[in-house]
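Q: My request is simple: use the sequences and hints to build the entire structure.
Chains as they are written, first to last, in my numbering: chain A, 107 to 284; chain B, 282 to 392.
Don't read these hints as lab results, they were simulated from the structure.
These figures come from a predicted structure and were not determined experimentally.
Just so it is clear, CB atoms sit at the ideal spot from N, CA and C, and this is done for glycine as well.
You may find that some hints are simply not true.
Stated by the list, open to error - Have a look at the derived ranges for each label pair, beta carbon to beta carbon: (1) B:R385 x A:T227: 47 to 53 Å; (2) B:L390 x A:P143: 36 to 42 Å; (3) B:N378 x A:F178: 17 to 23 Å; (4) B:Q391 x A:D111: 50 to 56 Å; (5) B:Q380 x A:V135: 25 to 31 Å; (6) B:T384 x A:G211: 25 to 31 Å; (7) B:M282 x A:V247: 27 to 33 Å; (8) A:F109 x B:L390: 51 to 57 Å; (9) B:M387 x A:G220: 36 to 42 Å; (10) A:V135 x B:Q391: 27 to 33 Å.
What the hints assert, rightly or not - Covered stretches of chain B, as calculated for chain A (at least 3 residues, CB under 8 Å): (11) 293-299; (12) 316-330; (13) 349-363; (14) 366-374.
To be verified - Negatives, chain B to chain A, calculated, CB over 12 Å: (15) M282; (16) S286; (17) Q391.
Each chain, written out:
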Amino acid sequence: MTFADAVFALCAAVCTVSAVAAVSRRNPVYSVVYMLPFFVGMTMLFVLLQAPFVAAVQMIIYGGAILVLFLFVLMLINLKPEELRDVFEGLPWALAAFAAAALAGVLAVFSRAGVSEEQRTAFKSATAAVTSAAGAEFGSVASLGGPLFKQFLVPFELVSVLIVVAILGAVLLSKKRV
Amino acid sequence: MFSLSNCLILAGIIFATGAWGVLARRNVLVMLISVELMLNAVNLVFVSFARAHTNMAPQTLQPQAGESGQLCALFVIAIAAAEAAVGLAIVIALFRNRQTVDTREMRTLQQ
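A: Written out as structure tokens, the structure is:
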């Protein structure tokens with residue numbers, strides 16, 4: 107068992123446990139708090155997968171912005187005690203859990219079968235010093251910035267428009283009198 | 282242990298957990314959190330395949346096969362942030378009108 111294996115096992119355990127805990131806690135405050143170890147585990151996985159920039163963005167946007175936004179709204183709407191006792195009552199929770207387990211099983215089978223031999227070996231042989239087409243180290247800001255501002259320029263600009271629209275919409279929706 | 286298959290299996294488990302949350306929970310906030318879980322699982326798949334395609338670029342004749350995957354993950358994160366902002370604004374508007382975030386109480390169209 108190499109170092110990467112150990113880190114992967116640790117991250118997988120942390121992510122799985124905290125994801126299940128976030129979904130199954132009755133108090134939504136605990137759900138939000140359990141998302142923090144989940145995001146930290148995902149960040150470590152991204153570092154392990156040679157995506158340092160994606161990992162940094164994940165930690166800043168998810169661990170910083172989105173988590174605080176969730177906590178803020180949770181405190182703002184001031185849940186009454188009886189709503190904190192929210193139990194599973196949509197589908198019966200056992201049925202939903204069974205459906206989710208079946209989905210996980212199907213995804214696991216397909217993700218084992220759907221990986222080609224070249225992808226397997228390429229994944230294994232990718233080392234830390236892989237240089238990308240842009241000449242920079244793979245996953246670095248430089249290697250991502252080139253394609254982002256060349257072939258992905260239109261989606262990039264569209265995302266910025268989308269975020270402006272989303273912010274304006276959020277302000278408008280949560281204003282007291284429209 | 283640390284292989285492409287295992288990364289995808291982990292993503293599948295996280296996605297299924299998120300789907301479980303959306304199906305079983307009736308608190309809108311927890312449902313939104315579950316959606317974030319599913320988006321994170323998809324990001325993990327993107328980044329895993331990006332890493333697998335790093336060394337395959339000469340074979341697939343796509344010069345930036347690996348970078349494309351990571352950029353897709355970045356776009357997913359950006360759109361997830363916008364989605365969370367709008368979703369939470371809707372939750373606030375809903376709570377202001379109905380004094381609840383329980384989907385069992387939101388059946389005015391049915392009644």
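Q: For which of the previously enumerated hints does the structure constitute a violation, in increasing order of number?
A: 5, 15, 16
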